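Q: Residues per chain, in single letters:
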Amino acid sequence: MDPTIQVEHLVKRYKKAATPAVDDIGFEVGAGELFAFLGPNGAGKTTTISILTTTLAKTSGIVRIDGHDLDRDPTAVRRRIGIIFQNPSVDLHLSGEENIRLHVALYGLYAYRPFYRAMPADYRNRIEELAEVVGLRDDVFRPLKTFSGGMKRKLEIIRSLMHRPGVLFLDEPTSGLDPVSRHSLWQYLRRVRAADGTTIFLTTHYLEEAEEADRVCVIDHGRIATIGTPDELKADLLERSIVLDAVDRPALIAELRSFGASPSIDDGGLIRVPYSGATAQSLVARVTTPLTVLRVHDPSLEEAYVALLRLDEEPETRGLQGSAA
Amino acid sequence: MTTTAATVRSTDRSGIRSRFAREANATFAIAWREVLRAIKSPSSIAFTVIFPVIFMGVLGGSISQNLGSALPYAYLPFMLIGMVANTLYQGTIVGVTNLVEERENDFTAELFVAPISRYAVLLGKIVGSGIASLISLVGIVAMIFVMQIPMSFGDLLRVIALAPILALAGGSLGVFFIGFVQDPKTAGAGVALLVFPQIFLSGALIPTAGSTGILGVLAHLMPMTYSIDLARNIFYAGKPEAAFTVLNSPWLDLAVTVGFFLVFTVVGTYMFVRADRNR
Numbered sequence: 001m002d003p004t005i006q007v008e009h010l011v012k013r014y015k016k017a018a019t020p021a022v023d024d025i026g027f028e029v030g031a032g033e034l035f036a037f038l039g040p041n042g043a044g045k046t047t048t049i050s051i052l053t054t055t056l057a058k059t060s061g062i063v064r065i066d067g068h069d070l071d072r073d074p075t076a077v078r079r080r081i082g083i084i085f086q087n088p089s090v091d092l093h094l095s096g097e098e099n100i101r102l103h104v105a106l107y108g109l110y111a112y113r114p115f116y117r118a119m120p121a122d123y124r125n126r127i128e129e130l131a132e133v134v135g136l137r138d139d140v141f142r143p144l145k146t147f148s149g150g151m152k153r154k155l156e157i158i159r160s161l162m163h164r165p166g167v168l169f170l171d172e173p174t175s176g177l178d179p180v181s182r183h184s185l186w187q188y189l190r191r192v193r194a195a196d197g198t199t200i201f202l203t204t205h206y207l208e209e210a211e212e213a214d215r216v217c218v219i220d221h222g223r224i225a226t227i228g229t230p231d232e233l234k235a236d237l238l239e240r241s242i243v244l245d246a247v248d249r250p251a252l253i254a255e256l257r258s259f260g261a262s263p264s265i266d267d268g269g270l271i272r273v274p275y276s277g278a279t280a281q282s283l284v285a286r287v288t289t290p291l292t293v294l295r296v297h298d299p300s301l302e303e304a305y306v307a308l309l310r311l312d313e314e315p316e317t318r319g320l321q322g323s324a325a
Numbered sequence: 001m002t003t004t005a006a007t008v009r010s011t012d013r014s015g016i017r018s019r020f021a022r023e024a025n026a027t028f029a030i031a032w033r034e035v036l037r038a039i040k041s042p043s044s045i046a047f048t049v050i051f052p053v054i055f056m057g058v059l060g061g062s063i064s065q066n067l068g069s070a071l072p073y074a075y076l077p078f079m080l081i082g083m084v085a086n087t088l089y090q091g092t093i094v095g096v097t098n099l100v101e102e103r104e105n106d107f108t109a110e111l112f113v114a115p116i117s118r119y120a121v122l123l124g125k126i127v128g129s130g131i132a133s134l135i136s137l138v139g140i141v142a143m144i145f146v147m148q149i150p151m152s153f154g155d156l157l158r159v160i161a162l163a164p165i166l167a168l169a170g171g172s173l174g175v176f177f178i179g180f181v182q183d184p185k186t187a188g189a190g191v192a193l194l195v196f197p198q199i200f201l202s203g204a205l206i207p208t209a210g211s212t213g214i215l216g217v218l219a220h221l222m223p224m225t226y227s228i229d230l231a232r233n234i235f236y237a238g239k240p241e242a243a244f245t246v247l248n249s250p251w252l253d254l255a256v257t258v259g260f261f262l263v264f265t266v267v268g269t270y271m272f273v274r275a276d277r278n279r
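So the sequences go chain by chain: B and G. No gaps in the numbering here: position 202 of the first sequence is 202 in my numbering, and each next residue is one more. No gaps in the numbering here: position 235 of the second sequence is 235 in my numbering, and each next residue is one more.
FYI, nobody ran anything at the bench for these hints, they're computed from the structure. Owing to the predicted nature of the structure, the values given are computational and were not obtained by experimental measurement. All residues carry an ideal CB built from backbone N, CA and C; glycine is no exception. A hint or two may mislead.
[Claimed, not checked] Quick list of the computed label-pair ranges, beta carbon to beta carbon:
1. 59(B) x 213(G): 47 to 57 Å
2. 137(B) x 186(G): 40 to 50 Å
3. 51(G) x 24(B): 13 to 23 Å
[To be verified] Okay, the calculated bits of chain G under chain B, using three or more residues with CB under 8 Å as the criterion:
4. 15 to 24
5. 27 to 39
6. 43 to 49
7. 105 to 113
[Stated by the list, open to error] DSSO-like, lysine-lysine: derived pairs with alpha carbons at most 30 Å apart:
8. 185(G) x 40(G)
9. 15(B) x 185(G)
10. 185(G) x 16(B)
Use the sequences and the hints to build the structure in full.
A: Set out below in structure tokens:
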């Protein structure tokens with residue numbers, strides 16, 4: 001089965017730029033996959049997403065969305081995708097609902113009517129349903145000039161979901177959202193994925209959102225630094241560890257060293273023991289010194305991400321790059 | 001969170017199936033957006049109504065009082081028709097060039113990522129800006145009574161019926177302009193350069209039948225000259241004043257207007273989209 005998103009040797013060099021913003025990257029995203037595309041500011045994320053959504057021309061390379069070549073059939077590509085832009089793309093002169101009504105007409109979902117009440121019941125129900133989901137409710141009918149940044153973001157979310165796209169591009173979708181709205185949005189996105197098999201291409205600076213991605217791709221300086229599942233990334237870049245302490249700390253350290261462990265004192269003044277291969281339980285089971293602290297530390301994606309970018313800054317670690325699928 | 005997977009599946013996602021109907025629907029929606037924006041901006045309405053009133057009342061009135069008696073026809077109806085055509089034409093130019101500002105504040109991303117042709121987007125802008133510019137005719141029509149301009153409403157309605165042609169002509173010039181000008185500040189100054197010379201050189205306010213030399217050449221180069229002359233051809237059809245007020249045959253005016261429209265729209269759309277994507 002063909003991947004939903006195929007990117008091969010993609011290059012984008014802006015006019016008058018000394019170096020490419022995107023430099024020969026390639027990856028594939030499968031149908032229904034949640035693909036997190038991460039990287040620091042200026043790494044090339046938005047450039048890539050702009051090319052994939054047809055709003056920016058690439059310098060070279062091949063991009064296919066749902067089997068449609070971006071150059072040959074951009075309209076077919078646009079019909080299959082939904083986008084939440086990094087910068088809200090909304091008309092401040094209209095109300096929230098009027099912005100959505102324009103959107104559904106642009107996508108050919110409903111015949112446009114100049115008045116909300118004249119729109120089909122199906123449309124009105126969906127507006128109400130999605131406004132409830134993101135917590136906008138009746139505010140959706142207010143002029144957009146009165147919206148806060150977070151409310152505009154919620155409106156964009158409603159709009160992007162109206163046409164139920166096969167591929168949803170989310171460019172930092174939850175920036176500016178309060179925790180409750182963020183939680184509601186992700187709950188809804190999970191439901192949409194389960195129901196419609198929607199492929200999601202996500203960029204975010206909230207790395208806990210990327211934890212549940214099927215795969216994570218990190219881009220830095222326009223090149224892919226690494227790609228894999230969150231667990232693979234964490235395993236590649238960080239060691240799992242247990243954190244221990246005891247009243248008789250020297251005895252505990254000596255005991256740990258006696259069976260080959262490498263204890264060290266961490267930033268919090270506790271004993272940290274990395275382990276790989278074995279389980280935390282198998283390590284702890286051998287300790288006889290009475291413990292006062294026992295914690296298993298499972299590294300987060302954020303820690304792995306930070307570690308990767310630090311490695312990437314060091315020339316001798318360049319070998320990590322270019323491991324794209 | 002009340003949505004269920006069942007309700008997510010239940011709605012038809014295909015919508016309008018015919019490609020032509022989809023494009024027409026999108027064009028209508030974009031056009032209506034322009035109308036809504038105009039309606040929701042009282043200051044803008046006031047400006048667009050007052051601007052032609054000042055031109056007609058002050059400039060037109062002054063020309064009429066001081067030079068009108070030397071003309072072999074009534075100056076005020078001549079000027080009125082010119083101002084009606086000018087208002088529709090220029091109002092559409094300004095509305096379309098607003099796309100440069102919308103590109104700057106990211107709204108065009110929503111339009112250009114939609115599965116419709118760029119022509120539908122620009123046609124929607126032209127049609128909507130044309131309809132919105134009809135609002136400014138309110139002031140012009142009021143001036144018929146204020147300045148006691150001798151003309152029948154039948155004549156005026158015939159000229160207003162030309163609104164679609166005038167809007168398309170003006171809009172295409174706006175599209176051509178934004179195809180080459182991408183910076184909002186440059187666009188603001190450039191629109192003034194596009195609008196004001198045409199007001200004075202195309203015969204909207206000042207007769208150009210006697211223009212010679214450079215001014216005569218410029219008058220013939222102004223795209224709006226032919227749109228305004230077409231409007232006067234309609235207004236003065238069958239009247240003796242036509243010999244003094246009309247420059248060309250209506251068919252020539254129409255042919256040139258259509259020619260300008262096609263060239264401006266195709267070249268302007270190509271350049272605008274190219275500039276937007278080829279950064």
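Q: Now tell me if each hint is right for this structure.
A: Each hint, compared with the structure:
1. 59(B) x 213(G): 47 to 57 Å: Because 50 Å falls inside the window, the suggested range holds.
2. 137(B) x 186(G): 40 to 50 Å: Given about 43 Å between the Cβ atoms, the range holds.
3. 51(G) x 24(B): 13 to 23 Å: Once the Cβ atoms are compared, 54 Å apart, the range 13 to 23 Å for residue 24(B) and residue 51(G) is violated.
4. 15 to 24: Our answer is that it holds, as 4 residues pass the Cβ test (under 8 Å) against chain B, meeting three.
5. 27 to 39: holds (count 7)
6. 43 to 49: This one is violated; 0 residues, fewer than the three required, reach chain B with a Cβ under 8 Å.
7. 105 to 113: This one holds; 8 residues, not fewer than the three required, reach chain B with a Cβ under 8 Å.
8. 185(G) x 40(G): With a Cα-Cα distance of about 24 Å, the restraint between residue 185(G) and residue 40(G) holds, given a limit of 30 Å.
9. 15(B) x 185(G): 21 Å, holds
10. 185(G) x 16(B): Judged against 30 Å, a Cα distance of about 21 Å means the pair holds.
Checked against the numbered hints given earlier, the structure breaks hints 3, 6 and satisfies all the rest.
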